Amino acid sequence: MNERSRSILMARIQTLIQELDRAKRVVEQIDPDLRYRVRGPFLDLFERYGEDLYRLQHEVKNAQPLKECWYTFQDTRQKCEPLFRECLALMQGSLVRRSGLDNGLCKIADALLYDLSSRINISWGRFTILAGEEFITDMAEIIRVRFPEVSIWNLPVAAHEFGHFVGPELEREISGKHYHPFQDFLAEVGGQDSQAVAFLHEHFADFFATYALGPSYACTCILLRFDPWTAYQDKRAHPSDAKRVHWILEVLNKMDEAEGGVQRSYQGVIGYLRKSWQQSLEVMGQPVPFEERLGKGTIKQLDEWLRELYFRLGDRVSGVWYRAEDWLRAKRLSKQLLEDTPPELKDEHTLADVLNAAWWSRIQLEGRDSARVQQIGARAVDFCCKIGGIGND
Amino acid sequence: MTDSILNARLAALEQNLKRAAEGPSWWDSVQELKLPSAIAIWEGLNRAIMDQAREHLETLQEIRDMLKYAEQTDDVKEAWRRYAEVYKQCQEFFGECLEVIGGLTFRYSGLEERIYQLADDLISDCVKDSTSILQWVAPTVPALPETLIKTLARMIGLRFPEWTIWTLPFTAHELGHVVIREDEKLCGFPRRHAEAWANGSTIERAKSHLNEYLADAFATYTMGPAYACAVILLRFNPLDAYRDDDEHPADAKRAHVVLTMLQRMNDAAGMEEPYEGVKVRLSENWQEVLRRAGQPDAQQALDAQRLEKLVDGIWPEFEHWLRPAAKYPHDEKAYGWLVAEEWYRTWKDQLEKGQLLNIQDVSPRNTLRDVLNAAWLCRLEYLDEPEHLDRTERIEEAAHKLCAAIIAERRKASGVRGAGRGATFKYGGKYAKRG
Numbered sequence: 001m002n003e004r005s006r007s008i009l010m011a012r013i014q015t016l017i018q019e020l021d022r023a024k025r026v027v028e029q030i031d032p033d034l035r036y037r038v039r040g041p042f043l044d045l046f047e048r049y050g051e052d053l054y055r056l057q058h059e060v061k062n063a064q065p066l067k068e069c070w071y072t073f074q075d076t077r078q079k080c081e082p083l084f085r086e087c088l089a090l091m092q093g094s095l096v097r098r099s100g101l102d103n104g105l106c107k108i109a110d111a112l113l114y115d116l117s118s119r120i121n122i123s124w125g126r127f128t129i130l131a132g133e134e135f136i137t138d139m140a141e142i143i144r145v146r147f148p149e150v151s152i153w154n155l156p157v158a159a160h161e162f163g164h165f166v167g168p169e170l171e172r173e174i175s176g177k178h179y180h181p182f183q184d185f186l187a188e189v190g191g192q193d194s195q196a197v198a199f200l201h202e203h204f205a206d207f208f209a210t211y212a213l214g215p216s217y218a219c220t221c222i223l224l225r226f227d228p229w230t231a232y233q234d235k236r237a238h239p240s241d242a243k244r245v246h247w248i249l250e251v252l253n254k255m256d257e258a259e260g261g262v263q264r265s266y267q268g269v270i271g272y273l274r275k276s277w278q279q280s281l282e283v284m285g286q287p288v289p290f291e292e293r294l295g296k297g298t299i300k301q302l303d304e305w306l307r308e309l310y311f312r313l314g315d316r317v318s319g320v321w322y323r324a325e326d327w328l329r330a331k332r333l334s335k336q337l338l339e340d341t342p343p344e345l346k347d348e349h350t351l352a353d354v355l356n357a358a359w360w361s362r363i364q365l366e367g368r369d370s371a372r373v374q375q376i377g378a379r380a381v382d383f384c385c386k387i388g389g390i391g392n393d
Numbered sequence: 394m395t396d397s398i399l400n401a402r403l404a405a406l407e408q409n410l411k412r413a414a415e416g417p418s419w420w421d422s423v424q425e426l427k428l429p430s431a432i433a434i435w436e437g438l439n440r441a442i443m444d445q446a447r448e449h450l451e452t453l454q455e456i457r458d459m460l461k462y463a464e465q466t467d468d469v470k471e472a473w474r475r476y477a478e479v480y481k482q483c484q485e486f487f488g489e490c491l492e493v494i495g496g497l498t499f500r501y502s503g504l505e506e507r508i509y510q511l512a513d514d515l516i517s518d519c520v521k522d523s524t525s526i527l528q529w530v531a532p533t534v535p536a537l538p539e540t541l542i543k544t545l546a547r548m549i550g551l552r553f554p555e556w557t558i559w560t561l562p563f564t565a566h567e568l569g570h571v572v573i574r575e576d577e578k579l580c581g582f583p584r585r586h587a588e589a590w591a592n593g594s595t596i597e598r599a600k601s602h603l604n605e606y607l608a609d610a611f612a613t614y615t616m617g618p619a620y621a622c623a624v625i626l627l628r629f630n631p632l633d634a635y636r637d638d639d640e641h642p643a644d645a646k647r648a649h650v651v652l653t654m655l656q657r658m659n660d661a662a663g664m665e666e667p668y669e670g671v672k673v674r675l676s677e678n679w680q681e682v683l684r685r686a687g688q689p690d691a692q693q694a695l696d697a698q699r700l701e702k703l704v705d706g707i708w709p710e711f712e713h714w715l716r717p718a719a720k721y722p723h724d725e726k727a728y729g730w731l732v733a734e735e736w737y738r739t740w741k742d743q744l745e746k747g748q749l750l751n752i753q754d755v756s757p758r759n760t761l762r763d764v765l766n767a768a769w770l771c772r773l774e775y776l777d778e779p780e781h782l783d784r785t786e787r788i789e790e791a792a793h794k795l796c797a798a799i800i801a802e803r804r805k806a807s808g809v810r811g812a813g814r815g816a817t818f819k820y821g822g823k824y825a826k827r828g
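As they're listed, the protein sequences go chains P and R. Going by the numbering used here, the letters in the first sequence line up with residues 1 to 393, in that order. Going by the numbering used here, the letters in the second sequence line up with residues 394 to 828, in that order.
Take the hints with a grain of salt, since some may be wrong.
Mimicking BS3-like on lysine-lysine, the simulated pairs with C-alpha atoms at most 30 angstroms apart in a straight line are [stated by the list, open to error]: (1) Lys24(P) to Lys79(P); (2) Lys805(R) to Lys794(R); (3) Lys335(P) to Lys275(P); (4) Lys61(P) to Lys24(P); (5) Lys79(P) to Lys67(P); (6) Lys578(R) to Lys741(R); (7) Lys794(R) to Lys235(P); (8) Lys61(P) to Lys741(R); (9) Lys470(R) to Lys235(P); (10) Lys746(R) to Lys61(P); (11) Lys275(P) to Lys481(R); (12) Lys578(R) to Lys521(R); (13) Lys600(R) to Lys521(R); (14) Lys411(R) to Lys386(P); (15) Lys275(P) to Lys470(R); (16) Lys794(R) to Lys746(R); (17) Lys335(P) to Lys346(P); (18) Lys411(R) to Lys470(R); (19) Lys481(R) to Lys600(R); (20) Lys331(P) to Lys254(P); (21) Lys805(R) to Lys726(R); (22) Lys411(R) to Lys481(R); (23) Lys794(R) to Lys521(R); (24) Lys346(P) to Lys254(P); (25) Lys235(P) to Lys600(R); (26) Lys235(P) to Lys177(P); (27) Lys235(P) to Lys300(P); (28) Lys300(P) to Lys275(P); (29) Lys24(P) to Lys794(R); (30) Lys461(R) to Lys275(P); (31) Lys481(R) to Lys461(R); (32) Lys578(R) to Lys600(R); (33) Lys296(P) to Lys470(R).
Think of the hints as simulated: they come from the structure by calculation, not from any bench. Note that the structure is predicted; figures quoted are calculated from it, not measured.
Here chain R stands alone, though its shape is the one from the complex (with noise of 0.2 angstroms):
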């Protein structure tokens, strides 16, 4: 029995199919736009999308065998059924194919380079740091907020146009995503946890929101208060600061999360309480937003011990799984929270004085999210005055220029040169170097 519709359509299938699983010949003319030859960034993406094009390649070829031998109905509708399915597959792995393709294109375009090598530079600190896992990570993409998980490519995308120092911090919370869901220990938490979480609503939409809930406790982990100010005073949004959505729950939840993570930090670290002043001043900002917008009060509103519970829940999972190094330290000398409240202190006072804003020690130890947490706590200590967004402005360029002197102290101490643009780095392997 032939049908001559469902020939045609998995020979064009294959014909595409096959441009991708033969070493992408895309990349050949993608190439030609002079991206960086970081062999890393072609290998790996390489390799997955070969990997999947093969797989499904495997199907089609299992799909023709059926039609060779197909005599009854039913054999050709089942292969009807299994083209629909490997379609659908296909134009999900077509579409992330040219998102991957048009994001590094636009990337390497020239446009806002240094802030995408500086979530490059800030992304391999946090891997290096928090996991042996992952072997390669594709560099920082423009991509809009739906898409921003790259399963193809582990590829952690920058929303669009959301360019600054302030948000960069978000992108623990992606990379969070990635190293969850490729950390088997790691990606057990949410499965484990689904059904008593879900609480009358589906187990998916439960995982879903424990996804999130865990990239974020991930994210204020590795970068520390930076995140929780990023995300309390630029992402959470009050209007709608109790309405979960299938994919998300609640802003308003999720600020508790991050603020009872910053809380458990703080507790770990003993007496000093090093993140108390900004976590009390993050929670009063947001709960004075709140009610402002009409809202209820977040500590009664919300199932807030539950929440607590989870973040209790999640804490030894991190300790236990993660790097110790994945931590963002609030007690190294030469890096962490000591450093950025001491770089603080030093901005603060130079815009008091009005002077030029300028970190004269730096030592390659130093770290981009000690600059972010500086960057953080300085804006926070102007954030309510009339001279804000002036100082910001001024408080972001020192801090651009503080993370361009670490890289470059950093390529000193490494005696690497030009390992900049584009580079992406293989912890572990033949390519690993630090730029």
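If we strip away everything but chain P, and leave its shape as in the complex, we get (with noise of 0.2 angstroms):
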């Protein structure tokens, strides 16, 4: 092999050894107090993808067939990719963090999911940055929340974005054997159809948003996202709105029959929210009700899965389980949120109460005014930096 036809793939070697190199910098460079956080995965990812390129290097200089050189190369470029655009986003998502533009929302974030993670026992030590959509990523586990919508009234969807990392977290121990249950339940029920086990990632997620946050991650999902335009039509990878609509409310009812007795307290936010969806759903020139469009089959289906779900793995999620009578406490905190009186905060107020008690708030307007709304949200965020001990910057 002559020199020339090796030159231009070590020259590419060693660029991308110099990319990994500045890259680390970059890590380096973070917040030391949101770096500790994530620098573990990264390092590791560093030295191996260095690791890889100085044996890549070390047999082109020993003459290995340079086709199958080129090919490794290729495949570690590759995999480098995802890791660079992890550390801008990394680098820049902290430092727009620093500037306060998420108005100290990211850290109301972090403790709503911090809290989330303590109270189902799987630890999460990452952190939430703005994003231009929301999602998590596998390789730093770093939860986007979307600007500029980072206000009171669209936090609840960070819990979705957590049910994605926490679904195959799940671990249960019978005689001494680990299972994954939600694992085991895409592999069953899902099986080889790459959109039911994507169907059912987002389902999951949308279950443990609903069932941690009750009926405020509902008002998220139903008043503020879910689009009535294309309500039917499934994507690629999520399921129509008008069966997460469905799938949602169904969490919002098992939540209550679970709770046992005769008072069912979730019944009048599920009431409001079904009738305003479907009102939507009307104005659109869609009249029939939206269950009933889904028809028979897919609701059959989802309320099997939903079943096999809540059979499986309510148990493992019952920490977060957001309970009658927290959903009682935020409906009396909604008052001081209406009342604008100084908050009388107790100990027993969590995050979700302030989601939940903002929500009804709102709920109790009717969208009349949307200053008061504006105001409400204000308050909220002052009630959630006060109970989760965060510097309202």
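Fit the two chains together into the complex; they arrive one by one in their own frames, and the hints show the way.
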């Protein structure tokens, strides 16, 4: 093999090694209080890919078949892309957080998720950053919250993203053996159908967020996010919004039923949300009740999935269950938000209570006064900061 | 007829847009990060952001009016349709705002600032020499490959983490996209030729491909061989060299356009053919790599004649619509290829004698393009040698030093002090100055 044929590849390997080195330096520059939470997985990858490249450099020097070497290089290059992407997002996200562009909402989102993480006993030591859309990546498990919709009203969506992290982490030990009930559920119910598996992931995340944050998550989705214009369209990895509305309201129903007793605490809010969603569909010229339009087969399948999920995972996630008594506490708290009095917070109040209280207050206004809605939102943020012990910057 | 959900969403979107439209209060918080106070940056960005936010607010008002008088289901349906449309546009708008803010905060975080400053200076030179269309260009920021072009802020991304002298010529390709988009004469080129170019594929795809070819041609035309070296040696992928995608033509085709452009520059220079040596060397290297990667010979596999005709079509457009100084000069004494060649020879001599790489005579008329060309020429010299990596590092460091010396000379000549950090230059306006 002559020198000329390998020189370009050698130059590229060297360039990629340098790029890894620079990206590593970027991670080292992140605010220390955020850096320590994500450093581990990044350093592992820098080391692994760096070793791959040094090995490849050695192989090219030792006249290994050049075509193979190019393939190895290309493979490593492709693996580095998501790493670089994540490094850039991490650096920019941490700087933007420091700038205060998020109005301190990322810290509240972090506190909310840490609370859920500790109650479900699944460690998540990461944080949230602003992004163009909400998502979580497997690499660093940093949760993105959507800019500029970082407000108390959209905060519940962070719990949905956290649900994507929680599902695969769920573990159960029976007679010394470890099982992954969510993964087993996916394998048994979704099988080889990749779209079904993707939908089940979304349904689980909706289940988790509703279960943990109660009606506030349902309100965010139905009143602010889901689109009646495309209500019945499945997307590649997301079930249709109409299916999700049915699913989320059913989760609330199940939570209600599980409380037992005569009183059904969530029925009021379920009814309100169902009616609002249906009204929106009606003004779009779709008067047929959405569950009827979805069809018996679809409803049956969704209900079966939910039953199965609840049966397999209900007890494992019971630590985050937003119960009727919590909802009652939130309703009482909503009076404080509406009355504009200084907050009288008690130890028992949680961030989930504030989210629910804010939404309940907003529902009381029936969307008549947007200035008041903003005011409630701002007061709710203050409440959250007090509960979470967060400096409201 | 009322729709409480739609009203709630309109209110939420309106609130966010108002923040952006009222002279972005965002910048206040961003400025706490002590970004440079070069007014042109904020002026240009503010204007772009505020204009777009106001446009969206007007649409929201139209939707509200529509709802106010809505009596028929169809009216509300139309309002929802328009809301869905504007919401999607706003997502993109806000996403881009966030990228701009994130990019700027990163850019001025102090990390690798040296390379961004060089990129800014390089672009400023290119803009000034190429066109009178652009009144301002935002500072370069780290970016991902798919978001390199910022329509909102005319912002040019430096692919993260490619922060070296060697990849700086790529900024000319990104600038090419901006110039082509903003220059009404040049932007007509892809439109005019798309149908003929489509050849069985869609017009949109043809337009995207033509835009890429134009940006490659622009980068070669303005940057000279440095762009050809960077893109062929560091970027194009031999394993996937013949695959087009919707946005980009195949790398082998792009390489052919770049090399053909270099040939046209050679032809235009007359007998001396200044770029022949580099062109032949790059072409051989690329062919060899393709062959070793198991790919067919580019000359035979490509519709080479068609690509050459395309370059023949682009050439007069550039000659006609760009400024005369846009083309990388081959025969100027104080700057251009002759200077690059001289520096290359000096460095080569110093490398071979084991001396420190050092250029003594630096003039404010020298350009950063000359440094990049000299550096690439020198690197190319040692590309096939075992000590290539060590020499590359030494050349890189020398190139950095030389760039810094040129910028210092320019400042001295223009009497400007400390304009370097983050300054962006607005040509033809009251903020015009060189760094």
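Practice task
Kindly indicate which numbered hints from before are broken by the structure, ordering the numbers from low to high.
Solution key: 6, 7 and 26
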